[in-house]
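Student: So the chains spell out like this:
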Amino acid sequence: MWKILRDLLRYNWEFTAGVILLAGVTIVALLSFVSPYPPLDVYVVAPDLPPSMEHWLGTTSRGQDVFWQLSVAIRNTLAFGIVVALISRVIALAVGLFAGYAGGPVDRLLMSVNDTFIVVPIFPILVLFYFVMRDQMSWGLLALVAACLGWAYDARLIRSIALSLKTREFTAQSAFSGMNAGEIVTREHLPYVMPVVFTTTMNNMNWSIGLEVTLSVLGFTDVNTPTIGGMIYWANQHAALVSGIWWWIAAPVALVIAVFVALFLLAVSMNEYIDPRSRLARMGGG
Amino acid sequence: MGPILAVEGLKAYYQMRYFGTLREVRAVDDITLEIQRDEIYGLAGESSSGKSTLIKTIARAIRPPLNVVDGAVRFDFAGQGPRDIYTLSAPELAATRWRHLSYIMQGSMNVLNPVRRIRHSFVDFAFRHMSLPMPAFLRRVEEHLGHLSLRPDVLESFPHELSGGMRQRVTIALATVCRPDFIIADEPTTALDVVVQKGVLEMIRRLQREMGSSVLFVTHDMAVHANLTDRLGIMYAGRLVEEAPTRALFRQPLHPYTAHLIRSLPRIGDDTPRHGLEGRPPNLASPPPGCRFHPRCPLAMEVCQQTTPVMQELAPGHRVACHAAAQGILP
Chain A
0 MWKILRDLLR YNWEFTAGVI LLAGVTIVAL LSFVSPYPPL DVYVVAPDLP
50 PSMEHWLGTT SRGQDVFWQL SVAIRNTLAF GIVVALISRV IALAVGLFAG
100 YAGGPVDRLL MSVNDTFIVV PIFPILVLFY FVMRDQMSWG LLALVAACLG
150 WAYDARLIRS IALSLKTREF TAQSAFSGMN AGEIVTREHL PYVMPVVFTT
200 TMNNMNWSIG LEVTLSVLGF TDVNTPTIGG MIYWANQHAA LVSGIWWWIA
250 APVALVIAVF VALFLLAVSM NEYIDPRSRL ARMGGG
Chain P
0 MGPILAVEGL KAYYQMRYFG TLREVRAVDD ITLEIQRDEI YGLAGESSSG
50 KSTLIKTIAR AIRPPLNVVD GAVRFDFAGQ GPRDIYTLSA PELAATRWRH
100 LSYIMQGSMN VLNPVRRIRH SFVDFAFRHM SLPMPAFLRR VEEHLGHLSL
150 RPDVLESFPH ELSGGMRQRV TIALATVCRP DFIIADEPTT ALDVVVQKGV
200 LEMIRRLQRE MGSSVLFVTH DMAVHANLTD RLGIMYAGRL VEEAPTRALF
250 RQPLHPYTAH LIRSLPRIGD DTPRHGLEGR PPNLASPPPG CRFHPRCPLA
300 MEVCQQTTPV MQELAPGHRV ACHAAAQGIL P
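Read top to bottom, the protein sequences are chains A and P. When the letters of the first sequence are read in order and numbered with numbering that gives the first Met the number 0, they come out as residues 0 to 285. When the letters of the second sequence are read in order and numbered with numbering that gives the first Met the number 0, they come out as residues 0 to 330.
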């Protein structure tokens, strides 16, 4: 494992750049635990100060320090992305692997559910959900709903791999040796689809963070929880760009773009490097 | 003790329904044979003669549309008495497989999961059947690999890191590590060059002698059969047409199809041209009436077009299904 990581860092600049960017963002997020200001309090510092030595990224019109606000926001946004990715990966893997392996009526049933989720327009549903739930709409609930809407494409992808794995000899051999469907799927097929799952995890995090930012900017979430989208929402509410408080908008936008780029680079490099054969090829090892 | 395997009147058809009409491909049609303990039984025949279907049916490794229509497959593993494999319950079947009955699959190059180390394949396939603690199990596996001249470090390799011959030996080790009573081998040497093939065949022979198990060995390669098997059955178009001890069969084949198979083998010093058999094997969805071989048979008589020949024992242990042979006409 460590050897693979070392080789990745040495031979793949996409991976190195992605890791450095993501490490930077993670450090900012972790700094929120030592924040000098409570994240939800307003007017704790003088408002509308430009970046300076005292306030690195300036302060907001609500009297918050942009840097420390940002560190809490990126922590919540990253956590959102990770939680959505994990929950939706579990659903996508379960549906995709079992539909592909079982085939027949089970496959048809699961895929009709799956295709329903693919064609359903996600954004209006989330907005509708917000209007129905309103006061109960918490960060956790939004993550759950996004996860339940975000697994369908990847389940189809995983199913297509499972369909081909099902006809390989090693599957026949596993079944012959007495493994049941659950064991075959988790022990024999799961390792095979893991590279794809890694890549789709990154893509899914990008998608869910983008979704969260969009909803928050428009105010369709619990805007009192500090998130990247929430910060931009409050900046817009105070007409930050019009009144020249550009740092209030620029800081969260720059940071979330760094996250997108980092995840994209990781997805690209993972794709190639989880497969030991292509890794050897790039290292010139045959 | 009786034979380890008795197949009686086995019929296994691929049954497909197209728009309400049933289409049947009679890949295994009325086969009866017995395999004794401690012997290597060979099964030969050209492609699409039903060899693989027969052994899949014997191992109960079949999935729809392939169904068993009639007949029984009775295994008699040490002291358990003969039981039809199709009457076993799922847990009984799982307990039988690998421990008593194992299977070296066709295209065994792909039997190993390409993304898992060899050790995991052994643990996944064989561990549950050995009732040993993990360290003892791994020691046993290493010891067994040693029998097949493989170093223990192949356990930590991925399949793509091994050569074809090594991979083949690993799959044979996988199928034999539990010392099963009965091993089915489906073309295990077909993809190998003759040098590696020779090594693998010697290894199978040696393992079989050591463990005293029975092997059902399937290949279309008559030269391999001549080298390895004790008795040989010849299949044509889903039927068993001749069965005899291998030496007797090569010395005096009674069925014209067997005679052609043997004549096609090259011999050192003999440079007469080999003539292929005219025609193609029949479509098993609508086989010809009577003897299925009669359209290609040089000895075909009128009776061959009407009546299906039955297996008759014409010499001790030598059974053949041929009207001509029954009348004493030799090919």
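Don't read these hints as lab results, they were simulated from the structure. Glycine included, C-beta positions come from ideal geometry on N, C-alpha and C. Careful, some of the hints might be misleading.
Distance windows between CB atoms, simulated [as the list claims (entries may be wrong)]:
1. Y10(A) with H146(P): 12 to 20 angstroms
2. L264(P) with R186(A): 23 to 31 angstroms
3. R107(A) with E7(P): 37 to 45 angstroms
4. H146(P) with I3(A): 52 to 60 angstroms
5. F157(P) with I124(A): 42 to 50 angstroms
6. P123(A) with L92(P): 50 to 58 angstroms
7. R186(A) with Q35(P): 54 to 62 angstroms
8. R186(A) with V193(P): 47 to 55 angstroms
9. G268(P) with Y10(A): 40 to 48 angstroms
10. K197(P) with I3(A): 36 to 44 angstroms
11. Q236(A) with F157(P): 33 to 41 angstroms
12. V118(A) with V193(P): 28 to 36 angstroms
13. P113(P) with S51(A): 29 to 37 angstroms
Student: So, for every hint listed, does it hold in this structure?
Tutor: Here is what the structure says about each hint:
1. Y10(A) with H146(P): 12 to 20 angstroms: Given about 40 angstroms between the Cβ atoms, the range is violated.
2. L264(P) with R186(A): 23 to 31 angstroms: 44 angstroms, violated
3. R107(A) with E7(P): 37 to 45 angstroms: 39 angstroms, holds
4. H146(P) with I3(A): 52 to 60 angstroms: 34 angstroms, violated
5. F157(P) with I124(A): 42 to 50 angstroms: 44 angstroms, holds
6. P123(A) with L92(P): 50 to 58 angstroms: 52 angstroms, holds
7. R186(A) with Q35(P): 54 to 62 angstroms: Violated, at about 37 angstroms.
8. R186(A) with V193(P): 47 to 55 angstroms: 36 angstroms, violated
9. G268(P) with Y10(A): 40 to 48 angstroms: 58 angstroms, violated
10. K197(P) with I3(A): 36 to 44 angstroms: Given about 39 angstroms between the Cβ atoms, the range holds.
11. Q236(A) with F157(P): 33 to 41 angstroms: For Q236(A) and F157(P) the Cβ distance comes to about 57 angstroms; the hint is violated.
12. V118(A) with V193(P): 28 to 36 angstroms: With a Cβ separation near 57 angstroms, V118(A) and V193(P) fall outside 28 to 36 angstroms, so the hint is violated.
13. P113(P) with S51(A): 29 to 37 angstroms: Check failed, 58 angstroms falls outside 29 to 37 angstroms.
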